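Enquirer: Below are the chains, spelled out letter by letter.
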Amino acid sequence: MKRKGLKGLPMVFVLTTLAIALSGCSGDKKEETSSQITIGIPQDIEESLDPHKAVGAGTEEILFNLFEGLVKPESDGSLIPAVASAYEESEGGRVYTFTLREGVKFHDGSAVTAEDVKYSIDKCADTSNGGPLVEAYSNIESFEIKDASTVVMTLKEADTEFLAYMTTAIIPTANENPDTNPIGTGPYKFVSRSPQENFVVERFEDYWGEPAGIRDVTFRICSNTDSLVMDLEGGSIDMFARVTATQAAELSDRFEILEGTMNLVQAMYLNHEAEIFQDVRVRKALCYAIDPEEIMMMVSDGKGTEIGSSMFPAFGKYYMEELNDTYNQDIEKAKRLLEEAGYANGLSFTITVPSNYQQHIDTAQVLVEQFKAIGVDAKIQLIEWDSWLSDVYQNRDYEATVVGVDASSLTGSSLLRRFTSTAGNNFVNYSNADYDAAFEEGISSTDDARKTKYYKECERILAEDAVNVYIQDLPEFVALNKKYTGYEFYPLYVQDIAKLRLAQ
Amino acid sequence: MRYAGKKMITMLLTLFAVTLFVFLAFHLISGDPATSMLGTDATPERIAALRQELGLNDPVLVQYGRWAKGFLTGDMGTSYSYRLPVGEMVLDKLPVTVTLTIMAFILIVIISVPMGIYTARHAGGWVDRAIYMVNQVIMAFPPFFAGILITLVFGRIFRLFTPGGYVSYEKSFAGFVSYLFFPALAIALPKAAMAVKLLRSSLISESKLDYVRTAYSRGNATRDVLYKHVLKNALIPLITFLGMALADMIAGSLIIEQVFGIPGLGRILLSAISNRDYPVVMAVIVCIAVLVLLVNMAVDIIYGLVDPRITVE
Numbered sequence: 001m002k003r004k005g006l007k008g009l010p011m012v013f014v015l016t017t018l019a020i021a022l023s024g025c026s027g028d029k030k031e032e033t034s035s036q037i038t039i040g041i042p043q044d045i046e047e048s049l050d051p052h053k054a055v056g057a058g059t060e061e062i063l064f065n066l067f068e069g070l071v072k073p074e075s076d077g078s079l080i081p082a083v084a085s086a087y088e089e090s091e092g093g094r095v096y097t098f099t100l101r102e103g104v105k106f107h108d109g110s111a112v113t114a115e116d117v118k119y120s121i122d123k124c125a126d127t128s129n130g131g132p133l134v135e136a137y138s139n140i141e142s143f144e145i146k147d148a149s150t151v152v153m154t155l156k157e158a159d160t161e162f163l164a165y166m167t168t169a170i171i172p173t174a175n176e177n178p179d180t181n182p183i184g185t186g187p188y189k190f191v192s193r194s195p196q197e198n199f200v201v202e203r204f205e206d207y208w209g210e211p212a213g214i215r216d217v218t219f220r221i222c223s224n225t226d227s228l229v230m231d232l233e234g235g236s237i238d239m240f241a242r243v244t245a246t247q248a249a250e251l252s253d254r255f256e257i258l259e260g261t262m263n264l265v266q267a268m269y270l271n272h273e274a275e276i277f278q279d280v281r282v283r284k285a286l287c288y289a290i291d292p293e294e295i296m297m298m299v300s301d302g303k304g305t306e307i308g309s310s311m312f313p314a315f316g317k318y319y320m321e322e323l324n325d326t327y328n329q330d331i332e333k334a335k336r337l338l339e340e341a342g343y344a345n346g347l348s349f350t351i352t353v354p355s356n357y358q359q360h361i362d363t364a365q366v367l368v369e370q371f372k373a374i375g376v377d378a379k380i381q382l383i384e385w386d387s388w389l390s391d392v393y394q395n396r397d398y399e400a401t402v403v404g405v406d407a408s409s410l411t412g413s414s415l416l417r418r419f420t421s422t423a424g425n426n427f428v429n430y431s432n433a434d435y436d437a438a439f440e441e442g443i444s445s446t447d448d449a450r451k452t453k454y455y456k457e458c459e460r461i462l463a464e465d466a467v468n469v470y471i472q473d474l475p476e477f478v479a480l481n482k483k484y485t486g487y488e489f490y491p492l493y494v495q496d497i498a499k500l501r502l503a504q
Numbered sequence: 505m506r507y508a509g510k511k512m513i514t515m516l517l518t519l520f521a522v523t524l525f526v527f528l529a530f531h532l533i534s535g536d537p538a539t540s541m542l543g544t545d546a547t548p549e550r551i552a553a554l555r556q557e558l559g560l561n562d563p564v565l566v567q568y569g570r571w572a573k574g575f576l577t578g579d580m581g582t583s584y585s586y587r588l589p590v591g592e593m594v595l596d597k598l599p600v601t602v603t604l605t606i607m608a609f610i611l612i613v614i615i616s617v618p619m620g621i622y623t624a625r626h627a628g629g630w631v632d633r634a635i636y637m638v639n640q641v642i643m644a645f646p647p648f649f650a651g652i653l654i655t656l657v658f659g660r661i662f663r664l665f666t667p668g669g670y671v672s673y674e675k676s677f678a679g680f681v682s683y684l685f686f687p688a689l690a691i692a693l694p695k696a697a698m699a700v701k702l703l704r705s706s707l708i709s710e711s712k713l714d715y716v717r718t719a720y721s722r723g724n725a726t727r728d729v730l731y732k733h734v735l736k737n738a739l740i741p742l743i744t745f746l747g748m749a750l751a752d753m754i755a756g757s758l759i760i761e762q763v764f765g766i767p768g769l770g771r772i773l774l775s776a777i778s779n780r781d782y783p784v785v786m787a788v789i790v791c792i793a794v795l796v797l798l799v800n801m802a803v804d805i806i807y808g809l810v811d812p813r814i815t816v817e
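If you're matching them up, the sequences are chains Y and P in order. Positions 1 to 504 (our numbering) are the ones given, in order, by the first sequence. Positions 505 to 817 (our numbering) are the ones given, in order, by the second sequence.
Keep in mind the hints are simulated off the structure, nothing from the lab. One should not assume that every hint holds.
Short, incomplete list of chain Y residues facing chain P, as computed with Cβ under 10 Å [to be verified]:
#1 47
#2 108
#3 109
#4 110
#5 197
#6 231
#7 382
#8 386
#9 393
#10 395
#11 405
#12 421
#13 425
#14 446
#15 448
#16 454
Here the structure is a predicted model, which means the values were calculated and not measured. Glycine is no exception: its CB is placed at the ideal position from the N, C-alpha and C atoms.
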C-alpha cells in the first residue's frame, strides 16, 4: 500500500502540471477584440513618476502620454497650446501671457486652476535643492496669477525660445504621492505599475482634446532584447519602438516597420582636457580617418543620416548639411596631420562606451578599425550606464566616448549651450572664447534671422575646430503589428500613443 | 531546542557577514545613486544636495548601521529608483522566484527518482545506455542555454507557450504556473540529469553491500529489497545533492528569469544593482540568503527522518 502511494504521487504531479500548462497555453492564443495594445519597452521606468523629477529618456517618452504643459510639442516640431488655450509674447520675448483653457481636468477629476499652474512652474524653478529642476527656469523673474484664467511670466532676460520650456508638466497642488501616483492632464491616466513587469495606463475619458484611439495600454518590459522577434511574433507585444535593422528584417509581414530617426547627435566625444586631444591636428586627423557611410553600413544596414556638427536634421532651419563635408575620409591627410602633431609613430587612447547601447558599441568597433589605417590604436572600454554617468559625464574622467546626445527641447540652445566654457554639462571640457561669444549673441537675439545666423556660426566652429568626431543621427525602426495604425514620429524623444488606433 | 538555538545564531551571523560584505562591495564600484536619480541634466550642486539628503556622505559603516537598524525594526527603506517601499516590492516578487524554484525542484524529483531506479535496475541494458548518453549531454547544458533551446523548440516550433508572455499570479494563477513550467524545466533538466546519474550509481553500489545479500537470503523479493532497504540508504547522497541544487537554483533563477522575461527577484536585483539602488539590493540579498539557509536547515532535518542514525544534535 505504502509503495503504491509513493509511486502514484509523482504521476499526479506530472499530470496536474501538464494539464495546467496546456490549459494555460490555449488561453493565450485568443484574439483580442477590445481596444488594447501591449507595447514593449527595453527598460523599466526605474525612477520617480513625478514628471519634474523623472530624468530617463525612457521614462519621459512614456510620461508624455500622461502629462501636458501649458504648450506641448506636435509631431512636426511646432508647439501647440495645451493646458493654455492661447499665449502672447510681449516686450520682445520678456513677458509671456498665458490664457488657461477652460474645462481642463486632472486625472483625479479636479479642474486645473491657475494655482496649479503656478505651483508646477514654481516647483521647477525652486533653487532650494541646489538648483532649479529645469535649468532654464533660472531666467524666470516672476510668475504671477493675473486672474483665474490668466498667468503672466516675466523673464530676467528676453528669450524668444523660452516657450519651448513651457512644456513642463502641469500637476495638481493636492497630490500627496507624486513619486508613485502620477496625476496629470494628458490623454492617458495611470492605472498600475509592477517593477520589472509592466506599466499600465488607460484612456482618460475627460480629456479636453481629441480622445486617445486605444483604451487600454500596457507597457511591458522586455529587457531581453535578443528575444524581441519572438516576443513580437508570439504576440506577447504588439509594438516595439527601437528594433535593430537585423530584427526588422526578421519580422514577418504581420508587422509594419516604420522608419524614422532617433534625433540625436552620435559622435565620438573627446575630452579636451586629455593631453592628446588638446592638439587640433590630432582631432582633425581622427575626423579625416573615419567614414560615416561605412559605419552606417556596418551598424544599421546603411540607414542613418550623416551629421557634421552638434545639430540634427529635425531642427530644420538650424541644420547645416554642408558641414558633413568638412572632413571627407582622407587617410594620407590624416597621417600627415598626426605627423605634424608629433605622433608619427602613432598614438593610442581609450574609448569608453556605455554597455547598454549596442549601436554605440558597434559604432566604436568600426571606429577602432578605421583608426588603425592611420596608425591610431584605440581601445574600447565598456562600462555600465551608471558608471558612465558618474565617471564620464559628471567627473569627466575619460579620453573619448561614443554616445548620442539628444535635445531636451526644440531650441538651438539645448544642443549648443553645453559647449560653452562655463556650461555645467560641458562634459567634453571645450573652451573657446569665439564660441562663447557666438553663442551669447545667438541666445540673446530676439530677431530670428540673427539668432539662426549665430547658432550656425556655433555649429561651424564645432565642425571646423573638430571638437568631436561627428558621425550620424541614428535611424529608428518601429515595429508595429498591422492591427494598429497611426504611429507618428516626433523630433523629440517621445512616444505618442494617443494617436494610435485600430486598423479597420 | 539546543539545535534550533545554535542554528539561529549561525544564521544571524551568516546574515550579518553577507549583508556587511555586500554593503562594502557596493561602495567599491563606481557610480552613485544620486547621479543615477538625477540623470544627465544634474548639476553638481543638485547632486551634492541629494547625496546629503540620502545620507550618502556619511562613513560606510554608519550607513550600514543605519540600514541594519532599519532592517531589524522591520523597515527596509524606500527604493531609490522606484520610490516604493522595499518590503512591498520584494514581497510582491518573492512568490514568483519561490514558485519557479519549487516547480523546478518537483520536476527534478519526478524526473530523476523513477529514472534513477529504472536505470539502476536495468544497468547495462540499451535503455540505460541511451539515458546515460543523453544525460551526459544535458548535464553539460548551462540553464540559460537550456532556456534558449526550450524557447526555440516549445515556444517557436511547437508553440506550446508564448515566449515573453508572462502572466502575473495576481491575474491568473493557472496562467502563471503554466508560463513558469518551461522555465522550471530549463532549470531542472541539467540538475535532473545529474540526479539520475547520482541515484543510479548510489543504488548500484548500495546493492552490492552485505545487508542486501542478507535481505535476499531471508527470502525477500527483489522489489522489497530495493524499495525497503536499498533505496532508503541510497537516498542520502541524493538528498545532499538536492539540497545543494535547491540553494543553487534560488540564486541561479536570476539567469533564467532574464531569458524568459520573468519579473522575479532576480530581475529586481539586476536592475537595482545597475541603478545603485542599495535598499533593494540589500533586501533581495537578505531574502536569497535566508532562503538558502532555510533549505540547508531543512536538509539537515530530512537526513534525520530518512536515516535515524543521523541526528541533528
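Enquirer: State for each hint whether it applies.
Expert: Okay, the hints, checked on the actual structure:
At a threshold of 10 Å, the smallest CB-CB gap from residue 47 of chain Y to chain P is about 5 Å, leaving the interface hint in force. This hint is violated: residue 108 of chain Y has a C-beta 19 Å from the nearest C-beta of chain P, more than the 10 Å allowed. Taking 10 Å as the C-beta contact cut-off toward chain P, the hint placing residue 109 of chain Y at the interface is violated, the least distance being around 24 Å. Taking 10 Å as the C-beta contact cut-off toward chain P, the hint placing residue 110 of chain Y at the interface is violated, the least distance being around 23 Å.
Proximity of residue 197 of chain Y to chain P holds as hinted, the smallest CB-CB distance being about 4 Å (cut-off 10 Å). Checking residue 231 of chain Y against chain P by beta carbon gives a least distance of about 4 Å; that is within 10 Å, so the hint holds. A least Cβ separation of about 13 Å between residue 382 of chain Y and chain P goes past the 10 Å threshold, and the interface hint is therefore violated. With a cut of 10 Å, the hint placing residue 386 of chain Y at the interface with chain P holds, because the nearest CB-to-CB distance is about 4 Å.
For residue 393 of chain Y, the shortest C-beta to C-beta distance to chain P is roughly 6 Å, which falls under 10 Å, so the interface hint holds. Restraint check, residue 395 of chain Y versus chain P: the minimum CB separation of about 9 Å is within 10 Å; hint holds. About 9 Å separates the beta-carbon of residue 405 of chain Y from the nearest beta-carbon of chain P, less than 10 Å, and the hint is met. Hint on residue 421 of chain Y is violated. Least Cβ distance to chain P is approximately 16 Å, over the 10 Å limit.
About 7 Å separates the beta-carbon of residue 425 of chain Y from the nearest beta-carbon of chain P, less than 10 Å, and the hint is met. For residue 446 of chain Y, the interface hint is violated, since its Cβ never comes within 10 Å of a Cβ in chain P; the closest pair sits about 26 Å apart. Violation of the interface hint for residue 448 of chain Y is found here, the shortest Cβ-Cβ separation to chain P being roughly 26 Å, above the 10 Å cut-off. With a least beta-carbon distance of about 24 Å to chain P, the hint placing residue 454 of chain Y at the interface is violated under the 10 Å criterion.
Going through the hint list in order, the structure does not satisfy hints 2, 3, 4, 7, 12, 14, 15, 16.
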